[in-house]
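Novice: Below are the chains, spelled out letter by letter.
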Amino acid sequence: MSFSNDTTLKLDSRPEVPRTVVANASGEMAAGEEIKTATVGQVTVANPVMSARTVNVHYGEKHAIKDVSIDVANNSVIAFIGPSGCGKSTFLRCLNRMNDTIENARVEGLITLDGNDIYDRRQDVVQLRARVGMVFQKPNPFPKSIYENVAYGPRIHGLVTSRADLDEIVQTSLRKAGLWEEVKDRLDGPGTGLSGGQQQRLCIARAIAVDPEVILMDEPCSALDPIATAKVEDLIDELRENYAIVIVTHNMQQAARVSQRTAYFHLGELIEVGPTDQIFTNPRHRLTEDYITGRFG
Amino acid sequence: MQISSLVLLLAFLTLLAYRFGRGRAVRLVGGPRGVRDLHSLPSYYGALAAVWCAVPSLVILLAWQGFSDRVLTHLTVQSMPASVPALPAAELGLITNDVRNVIRGSVPPASASPEIRAAAATYQSLESAARAGLAVLCTLAAVLGGFVLWRRIAPDLRARNEVERLVMWLLIGCASIAILTTIGIVLSVLYEALRFFGKVPVTDFLFGTHWSPQMALSADQVGSSGAFGAVPLFAGTLLIAIIAMLVAVPIGLFAAIYLAEYADRRFRAVAKPLLETLAGIPTVVYGFFAALTVGPALRDLGQMLGLAVSTESALAAGLVMGIMIIPFISSLADDMITAVPQAMRDGSSALGATRSETIRKVVLPAALPGIVGGVLLGVSRAIGETMIVVMAAGLSANLTANPLQAVTTVTVQIVTLLVGDQEFDSPKTLAAFALGLGLFLTTLLLNIIALKVVRRYREQYE
Numbered sequence: 001m002s003f004s005n006d007t008t009l010k011l012d013s014r015p016e017v018p019r020t021v022v023a024n025a026s027g028e029m030a031a032g033e034e035i036k037t038a039t040v041g042q043v044t045v046a047n048p049v050m051s052a053r054t055v056n057v058h059y060g061e062k063h064a065i066k067d068v069s070i071d072v073a074n075n076s077v078i079a080f081i082g083p084s085g086c087g088k089s090t091f092l093r094c095l096n097r098m099n100d101t102i103e104n105a106r107v108e109g110l111i112t113l114d115g116n117d118i119y120d121r122r123q124d125v126v127q128l129r130a131r132v133g134m135v136f137q138k139p140n141p142f143p144k145s146i147y148e149n150v151a152y153g154p155r156i157h158g159l160v161t162s163r164a165d166l167d168e169i170v171q172t173s174l175r176k177a178g179l180w181e182e183v184k185d186r187l188d189g190p191g192t193g194l195s196g197g198q199q200q201r202l203c204i205a206r207a208i209a210v211d212p213e214v215i216l217m218d219e220p221c222s223a224l225d226p227i228a229t230a231k232v233e234d235l236i237d238e239l240r241e242n243y244a245i246v247i248v249t250h251n252m253q254q255a256a257r258v259s260q261r262t263a264y265f266h267l268g269e270l271i272e273v274g275p276t277d278q279i280f281t282n283p284r285h286r287l288t289e290d291y292i293t294g295r296f297g
Numbered sequence: 001m002q003i004s005s006l007v008l009l010l011a012f013l014t015l016l017a018y019r020f021g022r023g024r025a026v027r028l029v030g031g032p033r034g035v036r037d038l039h040s041l042p043s044y045y046g047a048l049a050a051v052w053c054a055v056p057s058l059v060i061l062l063a064w065q066g067f068s069d070r071v072l073t074h075l076t077v078q079s080m081p082a083s084v085p086a087l088p089a090a091e092l093g094l095i096t097n098d099v100r101n102v103i104r105g106s107v108p109p110a111s112a113s114p115e116i117r118a119a120a121a122t123y124q125s126l127e128s129a130a131r132a133g134l135a136v137l138c139t140l141a142a143v144l145g146g147f148v149l150w151r152r153i154a155p156d157l158r159a160r161n162e163v164e165r166l167v168m169w170l171l172i173g174c175a176s177i178a179i180l181t182t183i184g185i186v187l188s189v190l191y192e193a194l195r196f197f198g199k200v201p202v203t204d205f206l207f208g209t210h211w212s213p214q215m216a217l218s219a220d221q222v223g224s225s226g227a228f229g230a231v232p233l234f235a236g237t238l239l240i241a242i243i244a245m246l247v248a249v250p251i252g253l254f255a256a257i258y259l260a261e262y263a264d265r266r267f268r269a270v271a272k273p274l275l276e277t278l279a280g281i282p283t284v285v286y287g288f289f290a291a292l293t294v295g296p297a298l299r300d301l302g303q304m305l306g307l308a309v310s311t312e313s314a315l316a317a318g319l320v321m322g323i324m325i326i327p328f329i330s331s332l333a334d335d336m337i338t339a340v341p342q343a344m345r346d347g348s349s350a351l352g353a354t355r356s357e358t359i360r361k362v363v364l365p366a367a368l369p370g371i372v373g374g375v376l377l378g379v380s381r382a383i384g385e386t387m388i389v390v391m392a393a394g395l396s397a398n399l400t401a402n403p404l405q406a407v408t409t410v411t412v413q414i415v416t417l418l419v420g421d422q423e424f425d426s427p428k429t430l431a432a433f434a435l436g437l438g439l440f441l442t443t444l445l446l447n448i449i450a451l452k453v454v455r456r457y458r459e460q461y462e
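As you go down the protein sequences, you meet chains A and B in turn.
Each residue of the first sequence is one higher than the last, beginning at 1 in this note's numbering.
Each residue of the second sequence is one higher than the last, beginning at 1 in this note's numbering.
Calculated from the structure, these hints are not laboratory results.
Backbone N, C-alpha and C define an ideal beta-carbon position, used for all residues, glycine too.
Mixed in with the good hints there might be a few duds.
[What the hints assert, rightly or not] Covered stretches of chain B (chain A as the covering partner; in silico rule of three or more C-beta atoms under 8 Å from a C-beta of chain A): (1) 197 to 209; (2) 245 to 258.
[Unchecked claim] Derived EDC-like pairs: lysine to aspartate or glutamate, alpha-carbon spacing no greater than 20 Å straight-line: (3) A:K138 / A:D225; (4) A:K62 / A:D100; (5) B:K272 / B:D335; (6) A:K138 / B:E192; (7) A:K138 / A:D114; (8) B:K361 / A:E148; (9) B:K428 / B:E192; (10) A:K184 / A:E168; (11) B:K361 / A:D188.
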């Protein structure tokens, strides 16, 4: 029962980088699984919510994601970092099949949610996205009232039968998103009338309202000021209790603050994955180190 | 000197003024190297000189064009035998007309009386003298204007600011031409409409249900008094507009949704321009399509179903008008739908909404103001449309809500009232202006509503 790293790293790496078997987070081995990967560090975890195995993404001629394998652990935050254009957002969007809408995008490989292939033909995209929610870079509340923004998801999924239930869901979601106290008196006001940070928390509340297992966040703070960013980061930390969170960020301090694991992407390849403090204090791959220390990126 | 050669001369002088103005500005600062000492770029000095050269002479020229004929005619009349200027205005008009005909050569000079021929000669000699004077005056004004500015040119003359202020006045002028034209049209229609309401009470016009604008030529004829109840006309207009919108709104909107949300790029690139060529078809073509194809087809269909459909029916006109309006609605709605940010669609589909749910619940509400604007624009078109209804809807002013019967519309009646030889002081003719005013106010109201709607909801999303 072991799995090994592919020893032929495509990118240059320091010779002292260990290329041997890497134990997963809990020290256990994934049962009978062998992963062929060039990635340095701990790719797998015990009982992952989502796993990706040798995922490749092509946009027409462009090979955007190359052989990426990674697990997403429950009740923790994993941060995807890397220079612009490294494919971290593209990979994130594979996890709830948001790339489906892009005409010439082609996704290969296996991505599972609770052990089920999400690209299987029998998989309903609607259900998938109800279980894997997403928050975008720029806050994008609908041009509707705050209440309607949060009620949107439960309504389309038929999660509620009565108005009282819906009120309940809206309130809990807004509470979980830390927005209830600020908006409880203006639920009928337009969602677009909120400040940028409030809008982003509204979008998080909207995602929570359909009770997902995983929340994907694509640079959720890049359009926010530092105070709003701090609030959203606190929120992410709280949400970790109930959800698995994948966050793409350009901000390395942010990755260090909010995540337990960090994955470094470079030119479409997943270079290194590991516990966040290890990645930031003792990166094992030279490219990771160069990026962390600000030599490029 | 001909006016055209005078204009050419002025254009040449203007060009010269530009050269000299620019040259002087550059020379004052010691050649091109010193241009930085000038307040403005040299070309601004040139442009300012050109304006000072051209504008005064153009004003004189325009004034001459506007008033010369009246002044010259007056002088000619004064020069004729003393009895002529004392004649009443109508007879005087006849005489001056004769004179003009001789000058223009539309009657052989031999056929005119010697007095008229003499007057024509006087007019022509006066005119050539005036033209020569004008040429001198214009040239002088141009040279003088250019010279004054040329003298004023100094390194600290703020030429750029002055030129830009002149450009602003030019823009204001263009904008006010559009506004003044609208005001002029409204006022002239209003004036004639008021004359009509002097003969026919407003209440009869607004609330009367009988329309029969025949006026007798002499008092003892049958049906000597017309009836001017406009209700059947506005009802007919409304009926046809409603039918047209029932056709155009769903088809246009759904076509727009398909093109914006579902069609792939290549299909859209072909289909959208094709749909928009519908807007380029002249309405008269739609008109005979309605009258010759759709109308008879509907009548035959009605016969098969045992319905009495007249060949000219509100339905035929409304259907074809609806087709004409489709591109207005689809094109505007398409623009509005594509303007809804992709982020909205992503947000919705990331919550697990299907494409149609996203369109129904997010995209359409966000695009609603634009769509409403497009629909109201379409309504304005439907109400104002003339050609199709003239050919396909009939002329009988029935007050009916049955779309299978012939009805008539406001625009059709305006056409029939004004076509042919008409006297312009009978209620029959003046009624056209009252109808026009009513139509204008209706469409104006709709446009105001449309603008309000669009403006109110425009900033709903970023």
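Novice: Look at each hint and say if it fits the structure.
Specialist: Each hint tested on the structure:
1. 197 to 209: Coverage by chain A is violated for the region 197 to 209 of chain B (0 residues, Cβ < 8 Å).
2. 245 to 258: With 0 residues close enough to chain A, the hint is violated.
3. A:K138 / A:D225: holds (12 Å)
4. A:K62 / A:D100: Satisfied, since the Cα-Cα distance of roughly 16 Å is no more than 20 Å.
5. B:K272 / B:D335: holds (11 Å)
6. A:K138 / B:E192: violated (59 Å)
7. A:K138 / A:D114: It is violated: about 29 Å lies between the C-alpha atoms, which goes past 20 Å.
8. B:K361 / A:E148: holds (11 Å)
9. B:K428 / B:E192: holds (12 Å)
10. A:K184 / A:E168: Given that 20 Å is the threshold and the Cα spacing comes to 12 Å, the pair holds.
11. B:K361 / A:D188: holds (17 Å)
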